[in-house]
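In case you want the letters, here they are:
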Amino acid sequence: MNRRIRRLGLAFAVLYLLLFVQLNRVQFFGAERLQEHSINSRGLIREFGQERGAIVSADGVVIARSVEIGEPVDYRREYPEGELYAHIAGYQSLNVEATGLERIYNDELAGVTVEQQFRSIMDLFSDRDTTATLHLTIRDDVQRAARDALGDRRGSVVVLDPRTGAVIAMWTWPSFDPNLLADPDGSVANAAYEAYLDDSSDPLLAKAYRELFFPGSTFKLVTAAAGVESGTIGAFAPEFPVSDAYDPIPAGAPIQNFAGSSCGGDLVEILRVSCNTAFAEMGAEWVGPEQMVETAELFGFNQTPPIDLPNAATSRFPTEYGVRLADVDFYSGADDVILANGAVDIYEDSARLAQTSIGQNDVAATPLQMAMIAAAIANDGQIMVPHVVHELTASDGTSYGTTEAQMWRQAIRPSSADVLRAAMVEVAVNGTARNMVVDGLLVGGKTGTAQLGTDPPNSHAWVVGFAGTGDGVLELAIAVIVEAQEGASEQTGGAVAAPIARAVIEAYFDEENG
Amino acid sequence: MTALDRPRRERVAPIYAALRPRRVEAGILAMVAIVVVVAYVLASLGRTSSIPVDFGPFLAWMLALGVVAHVAVRRLAPGADPVILPMALLLNGLGYVMIARLAEHVPGGSDLAGLQATWTAVGMAGFIVTLALIRPVRMLMDYRYLLGAAGLGLLLLPFVPGVGREIRGARIWASLGPINLQPGEFAKIALAGFFAAYLVDARDLLRNRVEIRDLVPIGIAWVGSLGVMVFQRDLGSSLLFFTVFIVLLWVASERTMALVLGLGLFMVGAVISWSQFTHVQQRVDIWLDPWADARGTGFQIVEASFALADGGLTGTGLGQGEPDRIPIVETDFIFAAIGEELGLAGTTAVLMAFLVLIGSGLRIALRATRPFDKLFAVGLTTLLGVQAFIIMGGVLRVVPLTGITLPFVSYGGSSLIANYVLLALLLRLSHDQRVARDEAGA
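Chains as they are written, first to last, in this note's numbering: chain X, 1 to 514; chain H, 515 to 956.
Worth flagging that the hints you see were computed from the coordinates, not collected in a lab.
All values reported here derive from a predicted model rather than from experimental measurement.
Ideal placement from N, C-alpha and C gives every residue a C-beta, glycine not left out.
A few of these clues could be false.
So the derived label-pair ranges between C-beta atoms look like this [as the list claims (entries may be wrong)]:
{"#": "1", "chain 1": "X", "residue 1": "Gly30", "chain 2": "H", "residue 2": "Thr770", "range": "33 to 43 angstroms"}
{"#": "2", "chain 1": "H", "residue 1": "Ala574", "chain 2": "X", "residue 2": "Ala13", "range": "49 to 59 angstroms"}
{"#": "3", "chain 1": "H", "residue 1": "Arg951", "chain 2": "X", "residue 2": "Arg7", "range": "36 to 46 angstroms"}
{"#": "4", "chain 1": "H", "residue 1": "Val643", "chain 2": "X", "residue 2": "Arg3", "range": "27 to 37 angstroms"}
{"#": "5", "chain 1": "H", "residue 1": "Thr828", "chain 2": "X", "residue 2": "Ser201", "range": "31 to 41 angstroms"}
{"#": "6", "chain 1": "H", "residue 1": "Ile842", "chain 2": "X", "residue 2": "Glu404", "range": "37 to 47 angstroms"}
{"#": "7", "chain 1": "H", "residue 1": "Ser624", "chain 2": "X", "residue 2": "Thr402", "range": "42 to 52 angstroms"}
{"#": "8", "chain 1": "H", "residue 1": "Ala544", "chain 2": "X", "residue 2": "Glu32", "range": "48 to 58 angstroms"}
{"#": "9", "chain 1": "H", "residue 1": "Val643", "chain 2": "X", "residue 2": "Gly30", "range": "45 to 55 angstroms"}
{"#": "10", "chain 1": "X", "residue 1": "Ile39", "chain 2": "H", "residue 2": "Phe673", "range": "35 to 45 angstroms"}
{"#": "11", "chain 1": "H", "residue 1": "Arg951", "chain 2": "X", "residue 2": "Arg33", "range": "27 to 37 angstroms"}
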């Protein structure tokens, strides 16, 4: 019998070897495939159901927090302010990829960064809550003021601290309720997500920093800055001829002023009245494509802003204007055709440059980009790295670190910024941006009306600007856009957007003084 | 004991020599105790982030269990194999840690840990009583027909009105007052004893020539196994009974024909049951492709494979995984829970522990001199090894899944008690064998 018993032992060895081989297949060689299997929700639920740190505004308002519910997951994410911070905090959802700060700071909120884990090892037997709380730069009162001032009109408001790059407010309407997307019941979240996707106004998109708009006349600030930087344009010289149309050279459709009016004069004057004809000439004949592109890119166009939020859009300024006509044989000798009024040569597509110089043609910018232009002018030409997170703290209140104010780029020289700052104050005091002035404050601005069509009349209303208490310190830079809405009559930045900026500026300084 | 009075070949004192296995056993037990206690602490830290409040009582219970079992073996079967008891206690301890850790997270599981601790104590009592009463094991030969009748009776108990219960579609339960038992767990041991005794009698006949008359027992076993499956819907036990019988027949008769016949009958039975019963078809379909209905019928096995995958090489750490996502994780799928939280290292350790138990059991069978001892040891070892293989293989999708406990590890009173009795019988056989060897060597 012993021979059979030994064979039985061999059979058992083979059977258990089979188990061991299969264990290796499941737990080692095939583990990754299984973990990433489409119906494997373990990783998702594990992360979704965990406690996460809170997200808190600069003035202590809770924007996101974890609430213990036990079933079907340990914790669910709650956004007490609903749509107010949806585009900043984003959401953590069982169904769709997280967005906003919930995505960018996922590891910190979940408490799984190396530093957090290291700290938790240090105090193994005490408190094991490693999650971090995000303290934002957003001020709840300013954010609310932006929402209330914009009301039910589609648009965005971006408020920056020019000195640090801190985002004080960033609001886009339409917005959405992140609580629905964070619902632990996947079917509820899914239904809400589908409904938002179907909404043509795209409420899920944080347009303040992710959507491009024609900047219209607000872009004249960049053209003016390029002129001043190039040395050919000063505050009071040259004077541009008073005209109701600019005929581009070498050829192209004439550019007209708003409502067919005539205007001209020095830089301060043409900025005050937002003179299309003068700025078109300035860009095409005084600044030229190289300087225009260089200054626009120094302001942040064609660059992705380094904001601590996901998927920021890249603002756009066209860089191709063809060849210099002086280099083309066909035109040589025909001096009357290629002679510019200003200091630069004419290019093949200088007519296009005339358009882009007044923010038309293919120029496109995010509201954040336009706020950064105002911030640069307010801050001696420096654009600070924009950020919404001020500090990360551990559960015991100790800091994991604060965001240091950091320069992103020097857009223009401080002396150029001085010239533009003074001109923008003139625009606010005596020009198109009068409606954003707040008594007792130093305010500068620039309006814009980006026409999208005339039948029916249809345009984006813009205003960008800055404000300070008047002792030379400018604490706030702002950009407001009220989007064109179908069927709405033509709206101008000065009439529509500027009052919104004023309300937000008031809210900012009210709180600061009170 | 005569064995202790006899002179030895070894130069050491007789009593010392006889107790040497026990000293080895004590050493291994100490290591097992440390492993299990550390595991329990880790599991508790993972869930509650502090030292468990019932740490003291658990430690005491665990150590007391080991000491009591060890002392019992030392007194009642001092010559027995030293690794069997520690391996069983290791499996039992690991299983207990998993059950205690799962208790809060499975439906109606809050009492599981306490119950499993109680069952383990009862199992230990059964272990000691068996060691004390059954000596030598061959005395069971005198009760062979009683064993056979008892085995059959226990199998049929779930059908007795007022006693039998059907739980989760399987009619394998019997109620004694508030306690639900699976009499089949005990029946398998009684039947293994009966098979062994019967085959010792029939051995000479079987080895010479096979007449139709000699095929009657195998026919009965086959029909009985099918009956268990048809009426109790207990595929695992059915397979287990039949396998044990065929293995014993093969070892006893020393004829390959037994295996061929057994395999043939198994195939016929498998085809018949597959074609006749939808629940068998379903099990096979899930086995072949659990992904076809991963959210429905395949859910359990798919979740188990996700759990095992999450475990990886070293596991998520005790108390850090989420094995409670697998339905019935505390019994049938506890192996997947171990795989998730202890990783490939943990599952391999469990495999090794069972292999050591099987190896020890078969060594006892090899060294035994009496045919009945040999066959019974083979039967008991096969019961343990095949049952563990069926459920681990089911969880791993090596074989179709059949609901059955993982011996010593799964939650379940009947299984624990029966397996401790099985263990006591193996130890008794081991001791008997050593005594016989010592006598022979004298």
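Here's how the hints hold up against the structure:
{"no.": "1", "hint": "X:Gly30 <-> H:Thr770: 33 to 43 angstroms", "result": "holds (37 angstroms)"}
{"no.": "2", "hint": "H:Ala574 <-> X:Ala13: 49 to 59 angstroms", "result": "violated (38 angstroms)"}
{"no.": "3", "hint": "H:Arg951 <-> X:Arg7: 36 to 46 angstroms", "result": "violated (23 angstroms)"}
{"no.": "4", "hint": "H:Val643 <-> X:Arg3: 27 to 37 angstroms", "result": "holds (36 angstroms)"}
{"no.": "5", "hint": "H:Thr828 <-> X:Ser201: 31 to 41 angstroms", "result": "violated (50 angstroms)"}
{"no.": "6", "hint": "H:Ile842 <-> X:Glu404: 37 to 47 angstroms", "result": "violated (55 angstroms)"}
{"no.": "7", "hint": "H:Ser624 <-> X:Thr402: 42 to 52 angstroms", "result": "holds (46 angstroms)"}
{"no.": "8", "hint": "H:Ala544 <-> X:Glu32: 48 to 58 angstroms", "result": "violated (39 angstroms)"}
{"no.": "9", "hint": "H:Val643 <-> X:Gly30: 45 to 55 angstroms", "result": "holds (46 angstroms)"}
{"no.": "10", "hint": "X:Ile39 <-> H:Phe673: 35 to 45 angstroms", "result": "holds (40 angstroms)"}
{"no.": "11", "hint": "H:Arg951 <-> X:Arg33: 27 to 37 angstroms", "result": "violated (53 angstroms)"}
Consistency note: the structure conflicts with the earlier hints numbered 2, 3, 5, 6, 8 and 11.
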